[in-house]
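Using the sequences and the hints given, assemble the complete structure.
Protein sequences, first through last, are from chains A and R. Anchor point for the first sequence: position 2 equals 2 in the numbering used here, and the numbering is continuous, going up by one each time. Anchor point for the second sequence: position 216 equals 216 in the numbering used here, and the numbering is continuous, going up by one each time.
Simulated from the structure, these hints should not be mistaken for lab results. Among the hints, erroneous ones may be present.
[Stated by the list, open to error] According to the in silico footprint, chain A covers these stretches of chain R (three or more CB under 8 Å from chain A):
#, segment
1, 321 to 335
2, 348 to 358
3, 365 to 371
4, 384 to 396
5, 595 to 602
Glycine included, C-beta positions come from ideal geometry on N, C-alpha and C.
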Amino acid sequence: MINSLFLINPSGEIFLEKHWKSVVSRSVCDYFLEAKEKALEPEDVPPVIHTPHHYLISIYRDKLFFLSVIQTEVPPLFVIEFLHRVAEMIQDYFGECSETVVKDHMVMVYELLEEMLDNGFPLATESNVLKEMIRPPTILRSVVNTLTGTSNVGDTLLTGQLSTIPWRRAGVRYTNNEAYFDVVEEIDAILDQSGTTVFAEIQGVVEACVKLSGMPDLTLSFMNPRLLDDVSFHPCVRYKLWESERVLSFIPPDGNFTLMTYHVNAQNLVAIPVYVKQSISFFECGSDGRLDVTVGPKQTMGKTVEGVMVTVHLPKTILSINLTATQGSYTYDNGTKLLVWDIGKLNPQKLPNLRGSLSLQAGAPKPEENPSLNIDLKIQQLAISGLKVNRLDMFGEKYKPFKGVKYITKAGKFQVRT
Amino acid sequence: NTISKSNSCIVHFLISFSPSRNEDLKEMLESNKESLKLEAMKRVVGLIAKGKNASELFPAVVKNVASKNIELKKLVYVYLVRYAEEQQDLALLSISTFQRALKDPNQLIRASALRVLSSIRVPIIVPIMMLAIKEAASDMSPYVRKTSAHAIQKLYSLDQDQKELLIEVIEKLLKDKSTLVAGSVVMAFEEVCPDRIDLIHKNYRKLCNLLVDVEEWGQVVIISMLTRYARTQFTSPWKEDGVFDEHNERAFYESDEEKTRDETEAKPYMMDPDHRLLLRNTKPLLQSRNTAVVMSVAQLYWHLAPKNEVSIVTKSLVRLLRSHREVQYIVLQNIATMSIQRKGMFEPYMKSFYVRSTDATHIKSLKLEILTSLANEANISTILREFQTYVKSQDKQFAAGTIQAIGRCATNISEVTDTCLNGLVLLLSNRDETVVAESVVVIRKLLQIQPTQHSDIIKHMAKLFDNITVPMARASILWLMGEYCERVPKIAPDVLRKMAKSFTSEEDIVKLQTVNLAAKLYLTNSKQTKLLTQYILNLGKYDQNYDIRDRTRFIRQLIVPNDKNGALSKYAHRILLAPKPAPVLESAYKDRDRYQLGTLSHTINTKASGYLELSDWPAVAPDQSVRNVEVIEPVKEWAPSLGKTVKSKPAKSSDDKFYSDSGEEEEKGSGSSSSEDGSSSSSSEGVLHILQNERVCPESGSDAESHVQKNSSQTSEESDKSSSQSEKSSSESDSEKKERKTKTPLQKKTVKPTSWTYVTKQQHTKTIFVNVINQHSVLQTFSYSHWSTLCVSLFTQLCPLSLAFPLQLSGPAFVPEKSHDLLHRMTGKGLSAQYQFPRQPCLYQPTMVSVQISLTNTTDHPLEQIHIGDRSPTGLNIHCFNTIECLEPEASVTVFMGIDFNDSTQAANFQLCTKEDHFSVSIQPAIGELLLPITMTELDFRKEQGKLLGMNESSATITMAAENMTSQPISRPVATVANLGMVPSSQDNVHRFAGKTANSGAVVLVTVELRGESTALITINTEKSVMGSMLLRDLKLALAQA
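This is the structure:
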């Protein structure tokens, strides 16, 4: 299946390679680098490239290219999904996924890759299993290791790998038993010039951080499960029970994991928490334009809107800008023409406004289309769809766990066309 | 190749290695200190990871292969696997260590030894590997067996001559019951012997049943293998245009009372129960978090499911679009292929394909592709409006793509051809060159389709000609001029004159078209253009490009008469000005469906190496019995009796055909697996089972017992309830016999007595379900809490409808024909409008109520532009009908609109406008029209009712006439008042109706219970209590009248 993996940084340097079958020369990456040269943005590099002898499937994530070499037919999503798992695994082990981190832990990453695939076929991709085999680095452990000469490599029987609950490691012990659930909802929307909604939907995810001893069996129920239209689960969730009872019943993995993702019933109207009043205009003659953007709260359910940020890709022909913001600050990168206005908290009494003039390069024609605004925002303690967790019950263990649920609403791909 | 490789190695070596450092590492590796060795190995592996050569350290490294330190050993293994191929002789030194490790009591060590041994690509050790694989294939530990399945592929790629021996091992491992092994062995099967479909037969049902519990990567491989398998073994479910399939589907969901037997017996296509089993067992995987699994289930449904069931994958595929960009890319590609054949599947999700300015270019063009495929008469206006935004995009490549898409829409949907054409002509004055050029090319194609009317556009384009510089666009205009030169007799020669001037500086493609234009004009209008043509032909004769010289020579011979070519030039007119077929604008994804969806070949649109064709359905199904699994020892005794009951079944009630069939195989499957379970305690292979059992038993302890009690109490309850059915379905003696027989082997069993006692208490029909679950439980190894799960799932399995829980809409029971006045002709100045509720689910948005409006013109002059104007409340969501351009006198027209009443009877006010006037009108819905009927079973109804008590219940007692006490007159007035579905009822005096509100989808349950002489109790349960009480008022009124 997967023959080799190359990690490549944005400037085209290959800084890690791993082969699971015969070694493939790294010159195969030239085809990819060529495609990368052609693409304007790293995101535009085609994920699947067909070369005379190999197929290259790549992902771009966290400013790194993960490039895999394939020799025979395989579902491309299989490879893409795996590559993302590799990135997530690095993130999980070392806290972030970046070139420096990989370079610092080269050997461990290599060993992990060795465990994840056997002959190109996934062997262990569950983080709980991997962590049992190769322990993640901690400062304490590295000190102990150097002093005592003990190793990072587990030699115990792979209980996780062998049980039918491969996602949970055995023998978990905590002094404080706690289970936290974050219900995070994202609003994806496209608004048109007049502020009417062209398209809006809510996607949610339940992230869990479960630190419970033993083999707890949890049941999470919602007040209004009927809101959920389409769901996908972590493998631990018993699907049958969801079908019949609309409750989530599961033996959780240890630590952080994504319990479920959901899509809110399209029949419910989506509340749009902010409105944006904007006018961007360029004068027909002369090389000037004006920009005037105001953001205000709309349907916020009485909560404060925080972390508001407006991002605009200005047209290439803009020479310079001169703006004033009544709240927050803005940054403008003349190279990428990216204008970012960081507003922060939204105050309904005094609406933040950004206005000023744009000047175009002399002689450049008036831009055809005004740039669209991308909005970012956050509302604490609110799930915009109205989803509420009803209760969490635990079976199978005697102790009383500490339980907590948090709601956050964010803007997903929230775009205002102008 | 090897030379170049070694060369590059040397180069690498020279660059990366200072000899001293290398010596340094060697020294460390040969030292006595473990920590130094470890440090050295880490550095060596670091070098490998960076792609640098460390091969000449091989002798120093290989010495450490037997090290006690696990971490060091692992690093040495990593090194060995990387370099053994290059240093074969030295690698042999390590083999004996692995051979020893293969016998280690620790399964982890055995497995890793096999992993490394099989990864050393040295031909000389093939026999050793073969032996090790064979041994590992019958290892106690499923983990080791899994490793051996992986090793099979490695050995096969090293030495293809071993194929026959390896197939034997695969055959053995395919029989393995462990979920751990299943994925890996199927992978080996696909690589070594994908054509040996016969190996699958006996394992087919097992694989289907195990599927849910296999790890996600294995699922992908198994599903794609089973897709191929199914296409060779089952007959096509597509032949009967869905009528019979639908029927089959109904048989699956509906309880058995209502159907007559001949309906089922009449159907010519019967889906093989094994086929159904596959579809049923893969469906839950659509909820997987792994996108590859979701995609593979989607392609399975696409290639195997009856046409009417395919659409269940839509929602999940649309969900994947939220995932990473690369995933989006692949999924969109597949949707593009699907949407060409089945527009309806994705049309409701059209908006999910709207393009964002932040999307990557390839994503944008795929979305455009899909939107174009989804366009139809109903949604084209929305799509075109969206396209208008895209055309203005800063991404010019994308804008050009959009113009092509508009062109495709225009050809596919004739209603909008003119609109599109006008829009494109407007784009000709766009400032951007690529946009203009693309528009010209697309207009050219469109004009070719409808050449008659558009000489204006051609003239317009001729005017623009001077400003257009893109060669393709210039060439297109020239071609148009030539082709339709008779329509623009004045302009064409002038264009030719201009071209003659600039000929030498034009691009080749433009020159060719100029020559063409000249030739055509020469034929039609030689008086004006003869000299020009000759001038151009002379220029062409000496052009640098041989194509142009060639064309010129050809044209000259053809059109200029001389003695030699007399015969041909007679036909010149017919050759050059022959009517040309219009180009077909079609999707680039049109022929991608020759590849299986979700494959690499589909993505790159060429056959990837190792791609396995999906065969066509066989005309006649191969023998089904090949999949039957022989029943082994302890169960043999009762197997025959079981067979008998099954055989007698079809004769009984044919409407539960589906269940009885699936039951048949299910029973057999479970029979074999339970027998396995029974015997496993003695066999050495059953380690996994033992493991599982150990895990189940000690944990459960006393709890299990209490569950058993619960079980039995529930059972008795359940059997009471179903006693009426049992009389119908199975003969008493049969089930008794079976009960006795089954008990015998059971008493020997100690492991899972609970489930079995449970089984024996059920009637025959129920046994089927229990078996399903029972078998499942055996495989899934539920920990103790699953017992509760089991009980619950059992109950839900027993009432099949709840499987389809997201409430199923049904058609309206009755559509009242009463229409209401919307606008009287007096107030409407001659325009009269009436509305009625057709009680159909609204096509535009599910939350809307559809309203049918008939407009009549009673004046003596045509009314123009009838449309909907302002509305109030302003937030009111109305799907307007398309503007009626003109309504002739005395004519009337019926249109549909959708109104989202938001579950309230508040009137929807809006303005009905004509060209001159506007009239305020309002639609006030009766409460019953805000509902949509749903089907549910009585059991479900009760369950739902149980949830909606207290505040949510409203009831009233009424008096009604005695002659109305039968069912028919009750359902009629109820159906007239409210759009509800009938729920089958087992009691004669209780009538139940169910529906849901259009906007929020809240369930509304109505019960009418007839009591005594002339009283009836109406109960309404709904969480929308206001609606409940309003509905109650209406019902009271209606029933009292009745």
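Evaluation of the provided hints:
1. 321 to 335: holds (count 8)
2. 348 to 358: That given contact holds, which follows from 6 residues of the segment 348 to 358 of chain R lying within Cβ reach (below 8 Å) of chain A.
3. 365 to 371: That given contact is violated, which follows from only 0 residues of the segment 365 to 371 of chain R lying within Cβ reach (below 8 Å) of chain A.
4. 384 to 396: Three-residue rule met by the segment 384 to 396 of chain R, so holds; n is 5.
5. 595 to 602: holds (count 4)
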